[in-house]
Amino acid sequence: MAFTAMVGARIRRREDPRLITGRATYVDDVRQVGTVYAAFVRSPHGHAKIVSIDTSAAKADPRVLAVYTGEDLHHAHGVKSSLPVAHKMADLKTPPHYMLALDEVRVVGDAVAIVVATTAYAARDAVELIAVEYEVMPAVTDVEKAAAGPPYVHASLGTNIAFTMPFAAGDTDKAFAEADVVVKQRIVNQRVAPVPIEPRSMVANWDAGMQQLTIYSATQIPHLLRTQLAVVLGLPENHIRAIAPEVGGGFGAKLNVYAEEAVVSWVAMQLECPVKYIETRSECFQAMIHGRDQIDDLEIAAKSDGTITGMRLKITANLGAYHQLLTPVVPTLTLLMAHGCYRFENISAEVVGVFTNTMSTDAYRGAGRPEATFFIERSIDMVAQRLGLDPAEVRRKNFIAKTSFPHTTATGLTYDSGDYETTMDKALKIVDYAGLRKRQEELRKQGRYLGIGLSTYVEVCGMGPSAAMPAAGWDSATIRVEPTGSITVLTGISPHGQGEETTFAQIVSDELGVPIDQVSVIHGDTDKVQYGVGTFGSRGTAVGGAALQLAIQTIQAKAIKIAAHQWEANPDDLEYRDGKIGIKGDPSKSMTTPEAGFAAFMGDNLPPGLEPGLDATRRFEPPNFVFPFGTHVCVVEVDAKSGQVEVVQYVAVDDCGRLLNPMIVEGQIHGGIAQGLAQALFEEVVYSDDGQLLTGTLMDYAIPHAEQVPHYELDHTVTGTTVNPLGIKGCGEAGTIGSTPAVANAVIDALAPFGVVHIDMPLKPEKLWAAMQPKSNGSVR
Amino acid sequence: MIPAAFEYKRANSVDEALRLLGEHGEDAKLLAGGHSLIPMMKLRLAAPAMLIDIAGIPNLDQIDAASDPLTIGALTKHAKLAASDELQKKAPALWDAANDLGDPQVRNRGTIGGASAHGDPSADYPAVLQALDATFTLAGKNGTRELKAAEFFRGMFETALGANELLTKISFAAAPKSAYVKFHHPASHYAVVGVAVALTIDGGAIESARVAITGVGDVAFRAAGVEAALKGVKTNDADGLAAACAGAASGVQARSDTFASASYRTAMADVFAARAVAQAAAR
Amino acid sequence: MQIDLTVNGKRASLDVEPRLLLAHALRDSLNLTGTHIGCDTSSCGACTVLLDGVSVKSCTVFAVQAAGQEVTTIEGIGNADSLHAMQEAFWSSHGLQCGYCTTGMIVSAVDLLRRNPDPSDDEIRSGLEGNLCRCTGYENIVKSVRAAAKAMRDGTDRHSVRELMPLHPPAVDPPPSGEGIIPKQFQEANA
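Chains as they are written, first to last, in our numbering: chain A, 55 to 835; chain B, -7 to 275; chain C, 111 to 301.
Simulated from the structure, these hints should not be mistaken for lab results.
Nothing here was measured: the structure is a model prediction, and the numbers come from that model.
All C-beta atoms in this analysis are idealised placements derived from N, C-alpha and C, irrespective of residue type, glycine included.
A portion of the hints provided could be inaccurate.
[As the list claims (entries may be wrong)] The calculated lysine to aspartate or glutamate pairs, modelled on DMTMM-like cross-linking and capped at a C-alpha distance of 20 Å, are:
(1) K72(B) to E233(C)
(2) K1(B) to D125(C)
(3) K72(B) to E239(C)
(4) K72(B) to D162(C)
(5) K253(C) to E767(A)
(6) K134(A) to E158(A)
(7) K253(C) to D769(A)
(8) K499(A) to D231(B)
(9) K1(B) to D114(C)
(10) K253(C) to E761(A)
(11) K1(B) to E127(C)
(12) K695(A) to D229(B)
[Said to hold, decoys possible] Pulled from the structure, derived: some chain B residues nowhere near chain C, Cβ distances all over 12 Å:
(13) E8
(14) L12
(15) E18
(16) A131
(17) K133
(18) L139
(19) F149
(20) E157
(21) S163
(22) A220
(23) K226
(24) S255
Please construct the entire structure, taking both the sequences and the accompanying hints into account.
Structural data, given as structure tokens:
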């Protein structure tokens, strides 16, 4: 393997020139002659019967081309008006999820009708002209109330519980019976909104002559979108082309198939012209999936030396009103990662998924694993606090030893590799942990409250082995050596900011010995690229890059055969050396990949039986997940008078395997930390009891501004993995997973002198202020 | 995102604006920087039938800091206030607010008159202009009238500005010992609590104080109890200053939202009043 | 209504509804799609352009209000043949990921340096409070603006994308410490 120049270097991204000059094409920038514009009429109620819909005034507007309701879609030929959910759960309740609400709305923002007009302005006006009469029904947004009984989100189910999944490993009762201490805590992991800066956007066109549907959508999964559209619209899959052009952030929220994508496609088929729909930010808050929203009831058994021996856990997950693509799967990932990077083997758990009159929850950066990391990392701190031990030492005591990998966990995963102690020691050294603790003590005497928070996380990434995934977990790559020597890569993943146009070109440049600017990486178009699964779950490079590496090996093997034929040598005596074909031990002769490619194109001097052309398509089926890990340390100061938090220092030492482009990896970690930190401190989606969304705009829902986040100091360790041929572990979600507990632990540590054991997120000033008041009754939510 | 349709007229003078207002009455709204109105129109929380654009009226965007009282034209943009060295010296509370309001793009576009006329209960100027005891000049078809800030700000999104009136200028006496301190809402940048203070100091002790608080109640208000309690307190007596600020929002019906409850807002009024007093005293 | 304005140095004459937002006029009437729209509450700053030289959110300006004025969009800040120092700095410092907020962020940062040519990190952070980014956590945005400020103070020439290509870095980082960890079973070329 000749990773010499490009791989491992800080290469400026190749996608950037178009992005920094405003010349990139996002969905809303797609221009097609004859485009018409859609807008949706959405429910203002959390739960209501639709009594009537009067579309006559809208239809009378000369600018309006069509109005459709749930009834229209439900009775349309060939259309399955219920949307897909991907899962492998035996007893999952899957009530219908209509593309446009039929008879009943179950969440604020439920789409009731679509109106299409000649301009976006006219479409927006026409929404006001559609009169929907509702009969308001009782709504439920509190997950525990919903689990307990009526009102039911779906009356036909006679329950709000969509599934219950019990789990047991080891002898938990014995662990608790023999425990020196038991820490018990109810931990709420609040609902948050993903808020990619580009909202959901789509434009669909129907070529009636070719019977071809083309949809541009801001999606992370163009191929899966195509498959699902084929199913719900009743079209042959090969008559659908899905294109993810430039996509403005996803964070899991665009790992979905939305009702709007199907409806807009169907409308394009009716009107035989391009139909564009760009949601507003307010609609995005209502109708794009939300993340997290679990209540984790937890008991931890520990010995007096800090050794954790067992866990009892109940995960109550608020699923929202309907299943979106992966809604029920997310909380099951929490269970899988419940014990984090610690050894204990006795776990008794139950996961309950519950419908409420809120937007569906689904995969948001981390998808189920941040919740697990949060409660286990909080638990360690609570155990340490109870026993008067240092939280770093309690972690050390419980780490899975670096010598015991691969390590099979109680929840049935096999952690590929790890060295948790080294990352922690590195992080503690950077912050001067002992010095910090001393300083904390001094400041406390002055009435200043410094807090130090650790998070030693491990996450499950590189999604994943197909057997363990709700749908396919492999991915694909094609390499074509073009006759004139440039190299085209077609990848099945669908990057939207992760930079694989660069990292994949770096790999190809080194391995096939061509300048990086001769390599083009193409993605996100189902008519150009072989089937691929997409970009999510920190899998883009760990799975898609691995497929690329396999394709490189195929190309190299064939190029070697071509060179051997021309040199009248034995292929076994040839090798790729520094990107070129050469004879082992003989530096005198070499052939470049483009030279072999040209010979393969000419076809007149190839070994007998070898097909012309130099290209390869390979698929990588991951034999396991990968398990990146690391230690984040956050230092905060909490203002005793107001409860306002200042992040004083933030250090992250991550191990995501080999770094193909450290600059890009660091960028992923930075962004992840900001999102996780914001969940800890201020992000929170709030519904009223009757289902009104109270945080429905960026004036109410805070995502971080530059002033609200600190400078991050990063370092890393590199522990290999044998799961994929690149030795990489995935870094897309690590920052988010690692940071939330580090920040929360820091804030709660700051408040330890006030007897605080736990406060639920977001740790906003009012809660902290209340906890610091004399005789606080702790009743602040 | 898309506002309802409206008719648009430009007024090139105060008289022309007043004439257009007279013709169209309640259906018309004045448009200056538009940074209070346009956001509401985009969410269709406001849908005026006509907008009268007054941004081009000459001579209403001047800061006259040399005169006493100081005079600020109603069309003066926040950014211009924020960049004024004279203002920083003579009325730092207003300078603080202008620098801390919204964000740079908002400050480049929004005007002091527009923001004031909007009457937002969490806006910064209503507190500052009350602490400065500013005078508002309103032009109407029968001439002008003057109102004190405390009379101008009447309630939630409610001011004394008549439907046929135009705010032309705001004036106030120099207040070099003044400050504005704000607890930002993390999303909106508006004040969860904002306290403006203007002091006079004699011999190291506070001689007089005006303290006004925004963000807490339905409208910004003067904290009379605090003003009285501050009299005579030594400016180097931090505990004394804090004690004087206790109960800053007493008697005020505080608001709650998803970020901060009424009781927290009330408590923070004391905390931020003390900080604003300390900052003003230190100037 | 008929309005005349100057956009990126060129005269433009448009017939617009009074309610047409400047952002939409730029994107849809003039096809300058580098100006993005990310919210409906004047919060995100993705639509930031320069209006008579100062940064404004073009979603909160009616096109009619801009009549007679000069608009500079990201397309006018620089292009592939002549990158603005800020664009180059965002590229070199990895100040962007998905790119959606980037164009508005760059325009705001240009305006920030107009007001303050040598900002501290804290001043950069507060100077960009009108722009939201969900990808970068702002770390490399701050770094980019710092680098651009230096380049502009030093009077560095503008570069083209072509000059900055190929992307072979001037100096290669030392090989990552994970070198040689590629598992055996993946090493044999497999046809």
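Verification of the supplied hints:
| no. | hint | result |
| --- | --- | --- |
| 1 | K72(B) to E233(C) | holds, 18 Å |
| 2 | K1(B) to D125(C) | holds, 15 Å |
| 3 | K72(B) to E239(C) | holds, 18 Å |
| 4 | K72(B) to D162(C) | holds, 15 Å |
| 5 | K253(C) to E767(A) | holds, 13 Å |
| 6 | K134(A) to E158(A) | holds, 18 Å |
| 7 | K253(C) to D769(A) | holds, 17 Å |
| 8 | K499(A) to D231(B) | holds, 18 Å |
| 9 | K1(B) to D114(C) | holds, 16 Å |
| 10 | K253(C) to E761(A) | holds, 14 Å |
| 11 | K1(B) to E127(C) | holds, 12 Å |
| 12 | K695(A) to D229(B) | holds, 18 Å |
| 13 | E8 | holds, 17 Å |
| 14 | L12 | holds, 14 Å |
| 15 | E18 | holds, 19 Å |
| 16 | A131 | holds, 22 Å |
| 17 | K133 | holds, 25 Å |
| 18 | L139 | holds, 28 Å |
| 19 | F149 | holds, 17 Å |
| 20 | E157 | holds, 22 Å |
| 21 | S163 | holds, 26 Å |
| 22 | A220 | holds, 36 Å |
| 23 | K226 | holds, 33 Å |
| 24 | S255 | holds, 28 Å |
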